[in-house]
Amino acid sequence: MPVLSELVTIKVDGQEFEVKPGELLIKAAQENGTYIPRFCWHNRMNPVGMCRMCLVEIETPRGPLMITACTNTVADGMVVDTQNETVTKAQEAVLEFLLANHPLDCPVCDKGGECPLQDQAMAYGPGESRFVEIKRNFEKPIPISSLVLLDRERCILCARCTRFSEEISGDPLIEFMDRGNKTEVNTFPNLPFSSYFSGNTVQICPVGALTAKPYRFRARPWDLQMVESSSGFDTAQPRLSIHTSENEILRLVGIDSEPVNHGWLSDKDRFGFEYLRSPERLTTPLARRGDNMVPVEWGEALDMIANRLSLVIDESGGSATAVIGGAHGTNEDAYALSKFARTVLGTNHVDSRLDDALASQFLAATVDRALIADLDTADTILVWGPDLKETHPTLYLRVRRAAQELGVKLLVVHPRRTGLDDRATATLSYRPGGGSQLLEEIAAGAHGEILEMLGGKTVAIVGQAGAADDPRLAESVAAFVRDISTTPRIMPLAARGNTYGALDMGLAPDLLPGRVAFAAEAMADTWGELPDKAGLDTRGILRGLVSGDVRALLLVGSDPVGDVPEPGLAAEALELAEYVVSIDNFLNESNRHADVVLPAAGFSEKEGTVTNLEGRVQKINKIAPAPGQSRTDWAILDDISARMGRPLGLAAAEAVTKEIASVAPAYSGLTWDLLEWEARDGAVVPLEEVAILGYIPVRVEGPKAPGAELTLHSARVMYDGGVRLRHCPSLAPLARGPVAYVNPDDAKRLGAQNGSPVKVVTGIGEGEFTVAVDPDTPSGVVFVPSHQPGGAKLGVDPVVRVTVMT
Amino acid sequence: MTIWSEETQVRAKELISRYPDKRSAVMPLLYLSMAEAGHLTDEGMEEVGEWTDLTPAQVRAVASFYTMYKRERTGQYLVSCCTSISCMLLGGDEVLHAVESESGVPHGETDDEGVISVEHVECIGACGGAPAVQVNYELIEGFTPEKGRELVKWLRSARPDSINTDEMQGLFGGSTSFDWGIREEASAIGPYPAFQPFGTVEGKSK
Amino acid sequence: MSAPLVVTRRMTDYPGDSHTIDRYEATGGYAQAKRACSMTREGLVEDIKTCGLLGRGGAAFSAGLKWSFLAPERPAYLVINGDESEPGTFKDRQLLERDPHQMIEGVIITSVANEVHHAFIYIRGEYPKSARRVQTAVDEAYARGYLGKGILGTDYDLEVTVHLGAGAYICGEETALINSLEGKRGEPRLKPPYFPAAKGLYMMPTIVNNVETVSNLPHILEMGAEKFAGLAHEADTGTFMTSISGHVKKPGNYELGHGITWRELIYDVAGGIRDDRELKAWIPGGASAPWFVPDVHLDLEVTKEATAAAGSMLGSGAVIVMDETTCMVRAAERIVRFFSHESCGQCTPCREGTTWLEMILRRIEEGQGRAVDLDLMVGVSDGISIGLAWPPKMTTICPLGPSAVSPIKALKDYFIAEIDAHVEAGGCPF
Ligand SMILES: Cc1cc2nc3c(=O)[nH]c(=O)nc-3n(C[C@H](O)[C@H](O)[C@H](O)COP(=O)(O)O)c2cc1C
Ligand code: SF4
Ligand code: FES
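Protein chains in written order, with the working numbering: chain A, 1061 to 1866; chain B, 423 to 628; chain C, 41 to 470.
Heads up, some of the hints might be wrong.
[Stated by the list, open to error] Derived DSBU-like pairs (lysine-lysine); straight-line CA-CA distance at most 35 Å:
hint, chain 1, residue 1, chain 2, residue 2
1, A, Lys1242, A, Lys1171
2, C, Lys74, B, Lys444
3, A, Lys1087, C, Lys224
4, B, Lys435, A, Lys1469
5, A, Lys1149, A, Lys1071
6, C, Lys189, C, Lys290
7, C, Lys239, C, Lys224
8, A, Lys1718, A, Lys1171
9, C, Lys189, A, Lys1195
10, C, Lys290, B, Lys575
[As the list claims (entries may be wrong)] Here are some chain B residues pointing at chain A (derived, C-beta under 8 Å):
hint, residue
11, Thr477
12, Ala479
13, Gln480
14, Phe487
[Stated by the list, open to error] Label pairs and their computed distance ranges (CB to CB):
hint, chain 1, residue 1, chain 2, residue 2, range
15, C, Phe470, A, Lys1071, 53 to 61 Å
16, A, Glu1227, C, Val418, 55 to 63 Å
17, A, Glu1145, C, Phe470, 37 to 45 Å
18, A, Lys1071, C, Tyr196, 49 to 57 Å
FYI, nobody ran anything at the bench for these hints, they're computed from the structure.
Every residue, glycine too, gets a C-beta built ideally from N, C-alpha and C.
Pulled out of the complex, with its shape left as it was, chain A reads as follows:
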């Protein structure tokens, strides 16, 4: 909040206001209660001043002057008239001009009822039109991508969609074509608007010109119910609002949250709700009878589980049981699971990561942890990890903006070209598996200019670029940045919507709720006695299942067979596991052969809190009923615990949050009231000065770059065969399938062209893929998107052989 002396005074319609210097007039006026009508201006994009709706008159020495409020900044002493005769005439004229060629199909238009053009025609319009000529006509809606349709007759040429794709998301695939009265928005022939962010253009289109296939004609704005929530796909947890009609989700709309997502969503965030109404959703508990899973009553299922788990514990102790999962639910679900494992099962074999993540204590509690907003004010942003455009889309947009609009230097380090490279000040690439070596070179001064870049306030976004990266590499990079930057800010990356919340609730063998390192006596006066035996992480648990040391496994919203990188390991473990219980939305590769599977409530079907990658806690809300007999994880666990004679004593979601606040140091002071009233944008924990684990990243010697002729870069991309995407009809087709990207030179050497079938063999896995010749992949590297439908697991071994199949 600037102090008064920094403000300038302007007079709008006779009223004086003090406003921030340099502020656009349209914004300054609005903040002070004067709404100037507009179509093309958008708060998150550079003004173009094209629609001319925001014309106002200002006083100048040479008399009154008409200007657009969206392109002119306030000046001290500025005198503005927003409604005199000239201005009104201009506004009426612009509206009449816009409506002249606009079809009158409001009754069947998706935008009808929430259309700025409709509204402003009412408010400022001249009444009926004097236009008697023939209206411009275009071929009715044309698909410009698999998700978006364009109706050019309705378009008012505000350039919002074209600016978004050029300025914000950086994939300029829709543009103005032709000129003058023939101007239209369009794509290049046969080159669709295939952007990960296309849905945003639908959201910001001020008329019904751009519509989303999944929403089109499905409802009218006035019979929608809405609640606020956060996306469950992206660990930045972009804020959104859920719109339903008759208890069914119709669309998700981004909310302009300053600290998090500026209103933007990826198409996965936006359209990835379809799975919720999939006919394959679990609706009743299932128990295995011989080879098939049959529906059973809740009571029966819970009894079976309680008895069997108790038996195992009596015979072999709590450490014969283990828990994998918890990263897809709420913090309340995660807390219940953590407490269940420690106090009911009596085990520390707990992990919400699936053997594909960074060290749990590093993720949970690094010192100098970065906020998303730090990106805007950094001197330099270092991205050394996954291609953010693929894995953390809204964070990608924020980094892009910082580099492009805010003059922040950007350094990108990744084995191949990433979505950010075109905005990077400098880029470095390395052979998969050779990251640590590159770090040593940089530290040794091999890239002087880069050392300089990192000197000031540096936000280091670190994670695993691909399967081959040593899990400790990211931590080493963080440690290095802390050494040379005056003001280091570290943002360690994890996948799966609520991983940070899960870790904060202690869902890792070495963590306890509230960013506390595990210690047997740490919770003596809250949870009481904790198991003393050190815990196993996911890989350890799977090995334990194979060896028999671990007899019973509880899966909560997790699919190790699908997710754990090492080929075969999880499959074998679940094959050999003596007893497996799963709480989930769907049957998947892992729980298909479980002993009992319980139907869980999902996104939009439950209330609670979640925590994003900067430690921001936000409230998510319930608006739709869970299908059939599905229930929330925490309630299910509470019931099992009661049947096992060690009740968790969790009464209601809000009560669970209260308990978290009272036992988890980093969360003390957190309440629903806070999140629903004072902190609408969420609250970053810890809220209070409390003792939490001050984990300092450490630098470790990593392996040298493999000498192999070809190395494998395998990493997740936006659309894969994940169980939720698989059940979203609009998104499932977007998965790339089994593809191997190779550089043109390598393709030549291998004698492969686009579409050639190849066999890719590593030390531990192999599979068949189709070649895509790709200049963005450096020669010597084969890029294979992981988790693709039909794509085999190749493991973490970077050394590959590729042979063309004939």
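Could you slot chains B and C with the ligands onto chain A? The hints should help.
Quick look at chains B and C with the ligands alone, frame taken from chain A:
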């Protein structure tokens, strides 16, 4: 993966070197690609994108803004009749109709043989010699409907492999906007402006 | 009346080879560029200020002032505006084809005066002959050391790039021209913030000057600021070229100096109306300018002030003369059609309004006119240029849109009867 001939690629590099920023070369490269293919093809626009780091959509956005980038098949001779105010006052419309009826090609179209394209255009800066027409952007001033018919016949029969403005002015022209001075040696060889490195030859066509 | 010829002197005296470098050098060419190199920037800018040279591209803004506004950041660029596309205008074409070195010398002087090391000459795509002549001249100038590294034996470098347009009148507008030169759609930029003098080509300080404007510079240095200023009448300075076209006996370009009246210009200079018909109306400054009619304007002086006072402008110096046989509806339709066709399409009022006006006019001309159409056209015009005021109260980014209402204003002020005639006759009475 370029679709351009060696020679065209050399010219493209030279054109880009004329500007501080390669995007500035988009317009000349679009002409170059017309010269290569006879008109501006989708492949041509994709190619220009490759050379200037733009998406094909961005290139099309630029190309479609300007009237001289012909994205439809265009004849060997593009006859542009000015019907803007000054030419209209002195019979520009009649000239257009004469050319259209003689050639059988209406505004904006091309004959089946791919020989002649006809269009009416806005002011071409020859108002002092109105009415005026251009063939492949080479000017004829002091024109008439009769000369319009003769011009079409001549183009179809003589099929000159290049168009020289002085030669045409001599054959079909009248009074000019100003004294043209000594003869112009360069001639146009396609429906795009004759300006090195795209589409000009020295010396008049036979 | 007839001032000594300045920018057309050489081509008048040596019609055969005025465009060649040998002729140019033989007639004192490039001497002033050499002198400029020995002068201080301040001195040069001061000279051009005092001589009062006004831009010849249409806006008639003082060249010296424009130079003095150039922001200090470098590199700075110079762009010569040779997009000449305003209907009725063909003067720059003559200067480009007949005396290209004169302009190039002007480019050198402007560059030296403003510390510019890369200049661009933007020539409209429909002028390939002009572009060839200029390119040849530029090549000759490079060859003889007037351009390139260390020009005229100094250590001053100056590169010149000739850029060909591709058919878009709006690229004559300086900021649209800059976008076009950057390889973008020729859409005018917002002012503020994109004033060329501060954020022009590649977002750097940029001077945009018209072909004729810079062609004057060598002569100003040669004859001296005062003498040059004295060539013209009162507030105007130097000579100016006017392109006369339409129904006159002697259409063409004329270089004028001391003030004359429209009557003298049309009847003496241009030889009067062809077939000695009656003069009906004329457009004094290019298609954008509000029209003049004999009873009201014939004896006004052809000066910036007098024309502005009468509610029009000299603009690009193009005079389009229409005799009694001219259908004013058709003439208006033709000019409105031009602006509608050339609108870049950014601004709603220009994009939709000009097309709407064109449709109405064509409807009237084709016999579908209605009694209410004049009011409708005035109403539509009102939304593009509030109150049809002069200078216009624009609802648009650039003046192209508002230019389209000039013919409507003329119909409303002088030719209502012709519209009625069309409506009654159910077609064009001419
Ligand atoms: C729609 C429009 C078209 C213009 N066309 C031209 C043109 O063709 N040639 C030109 O020199 N200036 C043209 N101008 C004026 C330029 O914007 C600019 O003022 C001029 O080139 C500056 O040069 P000067 O100061 O030497 O006149 C045009 C302006 C507008 C608004
Ligand atoms: S007034 Fe017309 S030409 Fe000028 S910027 Fe607006 S739309 Fe483009
Ligand atoms: S909102 Fe200002 S011009 Fe569109």
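Hints versus structure:
Annotation: proposed proximity of Lys1242(A) to Lys1171(A) holds, straight-line Cα distance about 24 Å (limit 35 Å). Straight-line distance between C-alpha atoms of Lys74(C) and Lys444(B) comes to about 32 Å, which keeps the hinted pair within the 35 Å bound. Taken as a hint, the Lys1087(A) and Lys224(C) pair is honoured in the structure, with Cα atoms around 29 Å apart against an allowance of 35 Å. With a CA separation close to 31 Å, the supplied pair Lys435(B) and Lys1469(A) stays within the 35 Å bound.
In summary, the hint linking Lys1149(A) to Lys1071(A) is supported, as the alpha carbons are separated by about 21 Å, within the 35 Å threshold. Restraint check: the Cα-Cα separation between Lys189(C) and Lys290(C) comes to about 45 Å, which exceeds 35 Å; the hinted pair is violated. Distance hint between Lys239(C) and Lys224(C) is fulfilled; the C-alpha atoms sit about 16 Å from each other, no more than 35 Å. For the suggested pair Lys1718(A) and Lys1171(A), the alpha carbons sit about 42 Å apart, so the restraint of at most 35 Å is broken.
Simply put, Lys189(C) and Lys1195(A) have alpha-carbon atoms about 57 Å apart, too far for the 35 Å limit, and the pair is violated. Restraint check for Lys290(C) and Lys575(B): the C-alpha separation of about 31 Å stays at or below 35 Å, so the hint holds. For the restraint placing Thr477(B) at the interface with chain A, the shortest Cβ-Cβ distance is roughly 5 Å, inside the 8 Å limit, so the hint holds. Given hint, Ala479(B) at the interface with chain A, holds; its Cβ is 4 Å from that chain's nearest Cβ, closer than 8 Å.
Taken as an interface hint, Gln480(B) checks out: its beta carbon lies about 5 Å from the nearest beta carbon of chain A, inside 8 Å. Of the supplied interface hints, the one on Phe487(B) holds, with its beta-carbon coming within about 5 Å of a beta-carbon of chain A, less than 8 Å. For Phe470(C) and Lys1071(A), the hinted distance range of 53 to 61 Å is satisfied, since their beta carbons lie about 55 Å from each other. Distance hint for Glu1227(A) and Val418(C): a CB-CB separation of about 40 Å, inconsistent with the stated range 55 to 63 Å.
One distance hint, 37 to 45 Å for the beta-carbon pair Glu1145(A) and Phe470(C), holds here, with the actual separation near 39 Å. Judged by the Cβ atoms, the range 49 to 57 Å given for Lys1071(A) and Tyr196(C) holds: they are separated by roughly 51 Å.
Going through the hint list in order, the structure does not satisfy hints 6, 8, 9, 16.
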